[in-house]
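Starting from the two chains in their separate frames, assemble the complex, guided by the hints.
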Amino acid sequence: MTLSSVETTPVVAAPKPERVDRIRAAAYRIRDHALTMGEVQGQGYVGQALGAADMLAAVYADQLTYRAEDPHWEGRDRFLLSTGHYAIGHYAALAEAGIVPVAELETYGSDDSRLPMSGMSTYTPGMEISGGSLGHGLTIAVGMALGLRLQGSASRVINFLSDGELDEGSTWEAAMGAHHHQLGNLTALVDINALQADGATDTVLRTEPVTEKWESFGWYTQRVDGNDVGALLAAFDNIAAVAAPVGRPSVILCDTKVGRGVPLLENREKAHFMRIEENEWQICREQLTAGYEGTASA
Amino acid sequence: MSTVTTKPKLKTSAMIASFADPGQKTTPAPFGHALVKAAEADSRIVGLTADLGKYTDMHIFAKAFPERFFQMGMAEQLLFGAAAGMAETGLIPFASTYSVFAARRAYDFLCLDIAEPNLNVNIVGGLPGLTTGYGPSHQATEDMAIFRGMPNLTIVDPCDSVDIEQAVPQLAASDGPTYLRLLRGNVPTVLDEYDYKFELGKAKVLRGGNDVVFVSSGLMTMRALQAADALAKHNVDVAVVHTPTIKPFDSATVLAELNTDRLAVTLENHTVVGGLFETVASAVVTAGLGKRVVPIALPDQFLDAGALPTLHERYGLSVDRIVAKVLAELG
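If you're matching them up, the sequences are chains A and B in order.
For the first sequence, counting from 1, position 289 maps to 289 in my numbering; every step adds exactly one.
For the second sequence, counting from 1, position 7 maps to 7 in my numbering; every step adds exactly one.
So here's chain B without its partners, still in its complex pose (with noise of 0.2 Å):
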């Protein structure tokens, strides 16, 4: 049976590209003009892909260093495996496909060729969490769950064209395997308006506030950002810790937050099952804090398709539907 709707319904399509709110300020594909700038600087970097090249900005790196760039064909074991070989023979592989294909289907690969032997290879996931409408085929709304199980794994949720340029070298430069949940595309630029640089394995408090601290990683940061904005016009004080490394975790930072009065709430675009969530749950309780702590997540369950601000508001991601769980709980 049909309803009458008043206004046009929002199309899938409409957000494949770009989760940035129109008119935002943006940055064409910072994480391929990254890698070309590492690579320039350091000559064992190599990108590799399976076929997704031009949906992970790898094409970028292809063009700038075609002889460095190696097309694995849409075949995940290999494109794991075969990074894991280049690395052992002294190269620092850039591996990208969606993060549903490297957490779900190369899980195995990623597991004992790249991480048991802890080689530098950086795994490059693209639509993590819920950035696209294309139903559970393509949201990897539980990638993090999926990797924070892995050793040696170092797991980094960017907000931001800030936090991925700055991320790249460092990724490149640590000495073990990392997962970069990528956003690509045009990408929010958020962080340069603030007083902050991405420091792998570091939380950075982006701005104070006495009533409420938001932890928070990935684009959720940019969420919240505009949250505590919005929710100082209800004159509630917001800070705001943006921990863009999952694993290994700034408990230290954090921590210090969340010993306070404040009500603590932590935003993230992935499941609320293995995440930032209950990553932060779980330093909290290791240090004995007696603290409540709110989570803001994508239920756990297989989400809908749809277009991205429909699923957002529909899921709890949206700034309007943060502003609203804010100040329920704040009664």
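Chain A on its own, in the form it takes in the complex (with noise of 0.2 Å):
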């Protein structure tokens, strides 16, 4: 076996349904959450909550070790978000670990509140890093992954970014330093919505073919459907198996769909900074969970 892209072909077991199903309910609730704070707004980053849902999911129910009554315990994995305006989707994530309350999530944006529209840790417990400033993300990632090994920690980092985030030459000095460095404690997790703040990825500047962008810079590379919760967790299986083990840093490149979850949005004209109207929100509430209950007319 080679280690190089693998696409969406497991090497290890299929994940079981029971733990799939586990990380679909997380990922439901999360987007949940997500509608709660987008009405608090009317508008937002709402879009790219949902599409991120189901990887943010994957990462706090099944992947992170962490201790929800002490964020900054010693031993946590890092999860780093690069792409601040993600925070709502962070937030809801937060939630459902349990590290946020839930009740707090509906001071989204408001003034004082510990959650911001762009994430800084500075503000919230549980948000490793300032981000917002894009193309820092796996920068900083890189320097705690050296930090942590140095001081014989198990903890790994997890660094979320977006593909808007790709134009950056940061990341890519960064993907060096991490594969210079033999990081196996370190992964990154792409959001390929294809879609950035003057429109579609491959209008702005074109980053494909970014599988081969990756492995050729000595990642572990696999590319899923990052709204397919049984992929994610195969691919982080993955990671655990075969690159982890070798000192060779990872990445999952996830297609995801902005909305996801509720076809409203789904099907709306792709913005970066969604205007959803009133009497919406209830209706996107209703298509969320039709859809999760598998009771979705269409």
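For the record, the hints were derived by calculation from the structure and aren't laboratory data.
Bear in mind the structure is a predicted one, so any value in this text is a computation, not a measurement.
Each residue gets a CB set at the ideal place from its N, CA and C atoms; glycine is no exception.
There could be a bad hint or two in this list.
What the hints assert, rightly or not - Now the in silico label distances, taken between C-beta atoms and shown as ranges:
#1 A/203 / B/174: 44 to 54 Å
#2 B/24 / A/211: 52 to 62 Å
#3 A/240 / B/24: 56 to 66 Å
#4 A/211 / B/51: 24 to 34 Å
#5 A/182 / B/118: 26 to 36 Å
As the list claims (entries may be wrong) - Taking beta-carbon pairs under 8 Å as the criterion, some of the chain A residues facing chain B (in silico):
#6 136
#7 139
#8 144
#9 173
#10 182
#11 192
#12 194
#13 263
#14 264
#15 274
Next comes the structure, spelled out in structure tokens:
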């Protein structure tokens, strides 16, 4: 077996259905939390949060070791949100993880809230870094992975970034650094929603072929449907089986759909910053629940 | 059209390793040795560089502590992002590159990843101000101006090997981020002749004088002391106040010295914009002192390439130019 890209082909046994169902349920609740926060602002990055919910659920409900009551516990795995504007999704995941109270979510983006629109470590328990200036997260993640390894820690570092951040040269500086230093304790999750602030990624700055790029930088590279929980879990299992033990940094390239789980938003014209009318929020919730429970009419 | 010259032109390469005067007492790689000493006492200290270990004296540390040294390649954004990540895990990184790259190229990473979370990352910048003849690509003439606006960042502009040796453990011990204007290679040893100790955040009066008061930092304190000796021969009595910490600035000590009838002169190895002169000027104005201050600093322009002695003379940093300026001011 080689360590080249395995696309969606698992190298270990497929995850058990109970595990997949558990993560799907977590993803449903994360999406529901995101709608709660979106309604407070009336607009925002709801589309990204819905699209990334399955990735966040796999991370928080399946992969991360942490203590909800002690978010800074030394032995925790680190999850870094490089895309600060995805904070709405991250807060939803932190609520699912029990680190942020669910009742606090409705303060999202309000004055004096611990949940600002763009994620910052100084505001929110469980936020490791202040993202937002894109292309920073992976460089910090490299340092954390080096620092943890030097100190004999078994903790892992997972950095969440977007396909837009592949525009930033610093992301590739970090990609080289992680490979050079053989950081098997580092995983990057790239949300490929094919959307940037000014439009579709392929019209802003073509980043494809993304898989080949990461492979050529020496990373253990898998590309999956980022809204397929089973595929995400299998990808993580593959990393634990073949990449981490040999000191190879790993990346999961996740093709996701903006607004996933809410057809009203999935089919809307794609926008980085989505406007949702007051009367649409209830429709969004109903569609989300119907889809999750498998009772969608279409 | 060529002109006939009688003396040979100085060469840029002659002064790459050191700005010490011929025959001057020097100490080799004081930063590297001080970092090794500090690291022996504190296992949290690590060193990083961006392909400039040999040129920032970091190689001394790398040799002593290979497992605690991290080569990040010619990738300054990674260098400082990774240093932030290491500090987040409880380590105390010293990250070195040239000042131009730290200040210009990696600013966003220093600002948001290091300074905003107030991490104990120590930025070590080689070739500050005019300490290379390579031209604007290497001359960090505006590094302090760039960095002074960054909240939380402590800025240190050491004079000599004594300052550097004493500063390094204090930088490691201070909680937030610091920026050290590194002097590397064979660094002049000057302040051992004075009753002096480096204290982070403090200015020190190195010598008293009745006619003129110099307020200086960095290698210009060495020149200030030499100029004070030279001016004594003109019966001009010069005091020298050394302010190695530019931010936070020790206004109390400096203002006490400026609040007299003496001619006040600032001396810095930095553009006249945004460095020591403007730091002093803002302290003076804020305190309501109606005091004129004469700046000796680099001009607000991109500087020439050439040999350092030539350039220091051209831009007013040489002892001769300082003496001439002061005598002209005194009329």
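Hint-by-hint comparison with the structure:
1. A/203 / B/174: 44 to 54 Å: 48 Å, holds
2. B/24 / A/211: 52 to 62 Å: Because 59 Å falls inside the window, the suggested range holds.
3. A/240 / B/24: 56 to 66 Å: Between residue 240 of chain A and residue 24 of chain B, where Cβ atoms are some 60 Å apart, the hint holds.
4. A/211 / B/51: 24 to 34 Å: 29 Å, holds
5. A/182 / B/118: 26 to 36 Å: 31 Å, holds
6. 136: Residue 136 of chain A check passes; min Cβ-Cβ to chain B is 6 Å, inside 8 Å.
7. 139: For residue 139 of chain A, the interface hint holds, since the closest Cβ of chain B sits about 2 Å away, which is under 8 Å.
8. 144: 4 Å, holds
9. 173: 4 Å, holds
10. 182: 12 Å, violated
11. 192: 22 Å, violated
12. 194: 25 Å, violated
13. 263: It is violated, given that the least Cβ distance between residue 263 of chain A and chain B is near 38 Å, above 8 Å.
14. 264: Hint violated; residue 264 of chain A Cβ to chain B Cβ min 36 Å, cut 8 Å.
15. 274: 26 Å, violated
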